[in-house]
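Using the sequences provided together with the hints, build the complete structure.
Quick note, the sequences are listed as chains V and B, same order.
According to the working numbering, the first sequence is numbered sequentially starting from 435.
According to the working numbering, the second sequence is numbered sequentially starting from 435.
None of these hints come from the bench; they were simulated from the model.
Each hint can be trusted.
Since the list gives no way to pick one copy over another, a pair counts as held whenever it fits inside one copy or between any two copies.
Calculated cross-link-like contacts (lysine-lysine; reagent style BS3-like; alpha-carbon spacing at most 27 Å):
1) Lys752 - Lys478
2) Lys478 - Lys437
3) Lys478 - Lys745
4) Lys546 - Lys525
5) Lys712 - Lys698
6) Lys454 - Lys478
7) Lys546 - Lys651
8) Lys454 - Lys437
9) Lys601 - Lys525
10) Lys651 - Lys601
11) Lys688 - Lys502
12) Lys712 - Lys566
13) Lys688 - Lys454
14) Lys562 - Lys712
Number of protein chains: 2
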Amino acid sequence: MNKVYNFSAGPAILPHEVLKQAQHELLNWQDTGASVMELSHRGKEFDACAIEATQDLRDLLAVPANYKILFCQGGARGQFAAVPMNLLGNKTTADYINSGYWSQCAAEEAQKYCTVNELHIRTEHDGKVGLKPMSEWNLNKEAAFIHYCPNETIDGVAIFNDPTFAKDKVVVADLSSSILSQPIDVSRYGVIYAGAQKNIGPSGLTIVIVREDLLGKASRITPSIFDYQIMAKYDSMFNTPPTFAWYMSGLVFKWLKQLGGVEKMHELNQAKAQLLYKAIDQSDFYRNNISVANRSIMNVSFMSPGEELDKRFVELAKQENIIGIKGHRIAGGMRASIYNAMDLDGVKALIAFMQEFERTHG
Amino acid sequence: MNKVYNFSAGPAILPHEVLKQAQHELLNWQDTGASVMELSHRGKEFDACAIEATQDLRDLLAVPANYKILFCQGGARGQFAAVPMNLLGNKTTADYINSGYWSQCAAEEAQKYCTVNELHIRTEHDGKVGLKPMSEWNLNKEAAFIHYCPNETIDGVAIFNDPTFAKDKVVVADLSSSILSQPIDVSRYGVIYAGAQKNIGPSGLTIVIVREDLLGKASRITPSIFDYQIMAKYDSMFNTPPTFAWYMSGLVFKWLKQLGGVEKMHELNQAKAQLLYKAIDQSDFYRNNISVANRSIMNVSFMSPGEELDKRFVELAKQENIIGIKGHRIAGGMRASIYNAMDLDGVKALIAFMQEFERTHG
Numbered sequence: 435m436n437k438v439y440n441f442s443a444g445p446a447i448l449p450h451e452v453l454k455q456a457q458h459e460l461l462n463w464q465d466t467g468a469s470v471m472e473l474s475h476r477g478k479e480f481d482a483c484a485i486e487a488t489q490d491l492r493d494l495l496a497v498p499a500n501y502k503i504l505f506c507q508g509g510a511r512g513q514f515a516a517v518p519m520n521l522l523g524n525k526t527t528a529d530y531i532n533s534g535y536w537s538q539c540a541a542e543e544a545q546k547y548c549t550v551n552e553l554h555i556r557t558e559h560d561g562k563v564g565l566k567p568m569s570e571w572n573l574n575k576e577a578a579f580i581h582y583c584p585n586e587t588i589d590g591v592a593i594f595n596d597p598t599f600a601k602d603k604v605v606v607a608d609l610s611s612s613i614l615s616q617p618i619d620v621s622r623y624g625v626i627y628a629g630a631q632k633n634i635g636p637s638g639l640t641i642v643i644v645r646e647d648l649l650g651k652a653s654r655i656t657p658s659i660f661d662y663q664i665m666a667k668y669d670s671m672f673n674t675p676p677t678f679a680w681y682m683s684g685l686v687f688k689w690l691k692q693l694g695g696v697e698k699m700h701e702l703n704q705a706k707a708q709l710l711y712k713a714i715d716q717s718d719f720y721r722n723n724i725s726v727a728n729r730s731i732m733n734v735s736f737m738s739p740g741e742e743l744d745k746r747f748v749e750l751a752k753q754e755n756i757i758g759i760k761g762h763r764i765a766g767g768m769r770a771s772i773y774n775a776m777d778l779d780g781v782k783a784l785i786a787f788m789q790e791f792e793r794t795h796g
Numbered sequence: 435m436n437k438v439y440n441f442s443a444g445p446a447i448l449p450h451e452v453l454k455q456a457q458h459e460l461l462n463w464q465d466t467g468a469s470v471m472e473l474s475h476r477g478k479e480f481d482a483c484a485i486e487a488t489q490d491l492r493d494l495l496a497v498p499a500n501y502k503i504l505f506c507q508g509g510a511r512g513q514f515a516a517v518p519m520n521l522l523g524n525k526t527t528a529d530y531i532n533s534g535y536w537s538q539c540a541a542e543e544a545q546k547y548c549t550v551n552e553l554h555i556r557t558e559h560d561g562k563v564g565l566k567p568m569s570e571w572n573l574n575k576e577a578a579f580i581h582y583c584p585n586e587t588i589d590g591v592a593i594f595n596d597p598t599f600a601k602d603k604v605v606v607a608d609l610s611s612s613i614l615s616q617p618i619d620v621s622r623y624g625v626i627y628a629g630a631q632k633n634i635g636p637s638g639l640t641i642v643i644v645r646e647d648l649l650g651k652a653s654r655i656t657p658s659i660f661d662y663q664i665m666a667k668y669d670s671m672f673n674t675p676p677t678f679a680w681y682m683s684g685l686v687f688k689w690l691k692q693l694g695g696v697e698k699m700h701e702l703n704q705a706k707a708q709l710l711y712k713a714i715d716q717s718d719f720y721r722n723n724i725s726v727a728n729r730s731i732m733n734v735s736f737m738s739p740g741e742e743l744d745k746r747f748v749e750l751a752k753q754e755n756i757i758g759i760k761g762h763r764i765a766g767g768m769r770a771s772i773y774n775a776m777d778l779d780g781v782k783a784l785i786a787f788m789q790e791f792e793r794t795h796g
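Right under this line is the structure:
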């Protein structure tokens, strides 16, 4: 069949080369005569694979030595509970920055465990959604940590700079849809977490990067599999990890390194996003309602002049092998998720379809 | 390469036909032009796959209509916390049957959430480990539920009959290493859970089968992804599920159905286990220290006359393409996990190697 362009928000497109390799060795991995998913996580073959993947991720994000990298289960939703359970210590309140759907979900879950100081940072000027800069966030002195989500996947509103707060603030960031899309200064964060299913690998794996001095403060009610100290002590093998997803992530990390790492990806991501936003902005037919400074380079949302046209757009796009383009149910319209694995050709194909659709339906 | 016989305790052998199919369609699933692991869990293709897998599991285990089947993350270890969080209600104590390592781990985790009434049922007569029958379990009237593990994976000690308690008792069973190995009467259980990585599919997926009247009692501190009611309400898609593992499990369920279901598997499993235990019992070289009535048909443990010989056995076995045979670190010796996907030929190959090893090292 013809090439399919997959703009799904997650689970999302994976690098073709990675899938080809996984397919090639699916029944006989590393000459073991078995599939990687059939082998013990405690065997030397998988153990070496796990260590290498962890090191590659450490290299890619320049993770300092005083941070642990954990391979967990439960998704970002699981971390919405795990973060307060691990970090509150003897404090009872935390700052939750509300920039959209996912950061709000995190705040709601945290209310089970602490008093949530919710800070709404979304602004609206001339119909454009923006986000207040960090300098205007009214933080709470008693807060155990600040939680925010730099890239809101649903409508594609984003913060690009690393945290600028005093270094004694513990900053927690949900990077599910932005991890590995640009260089970051990990040392500015206390905890970074990300569901794998957007920029890393298959769903069912969650990456947690945690500063070592934050370990060991989990409350007594923390399920062991959510306790960062336990997971760190056992190298993420306290319980059986999702081995196939871990292996696939390792292949993605190798692919990223070969392509030039996160700096190179950032260039490509910016180029893809600029091209797509330009096509939207130059059209009178499509619109995006995020202010330019906060436009995500991972999730680009846009609408046609009406809901019926949006629906038709999605249907016709599928016929042209452009899939996963429907907007989230709470946002409507369309959304093109252009993660690392989506190349410039895919974005060009989408733009060509958009222009043709405008010509025939405008 | 020659055929490899994989006796790993988990992640474990998968049916060859299932892996072949997964390999064949890894880059283009159901003519979508994408891998199953690249597609949205909310799209119609994956949704149909998820529903079909769930129904097939319901058929295989004859799960009554008043039970929900959930596809979760976090493994059995996660359920060690989730069970008391969901089931205690306004009670404060639960009965935990200790039959070995895993049931003890479950009891330890539960102590975070309730008073654990731990009942030790292991017995020892003439050097053989047995388990007290259910009629001798001293249950606590105030207990919210009874938790037990019918098949202890590490040393292969098992209980084969369904619970026989009064129907108002809520029985929770960890079937991680025995699910789908024999028919069960689901109506005798309140909750059944199982990590997928032994008899179902890749690691990172946990099956929970829960009676509907037990939903809605989760304590306030339950992480949402562990709340059975939330997971049931959202058809296990409250958060992004491990889609590839779910899909693989669906292939395994189809394979099981085609082979004649759980009844047929039970026959085959009994035949495999009997052959292997017979080979052990007839030898003066190997021994198994589980009493006959409690010998697992999934995990067969055995030892040679000494630790050095055990080590040599494992090394030489690997050279003969028999892998995953090393015993758990806390048990030592050898362990052959003979899950559904291990065929009789594999067991015969193991026995032939055992006899050859005895001949050359006895």
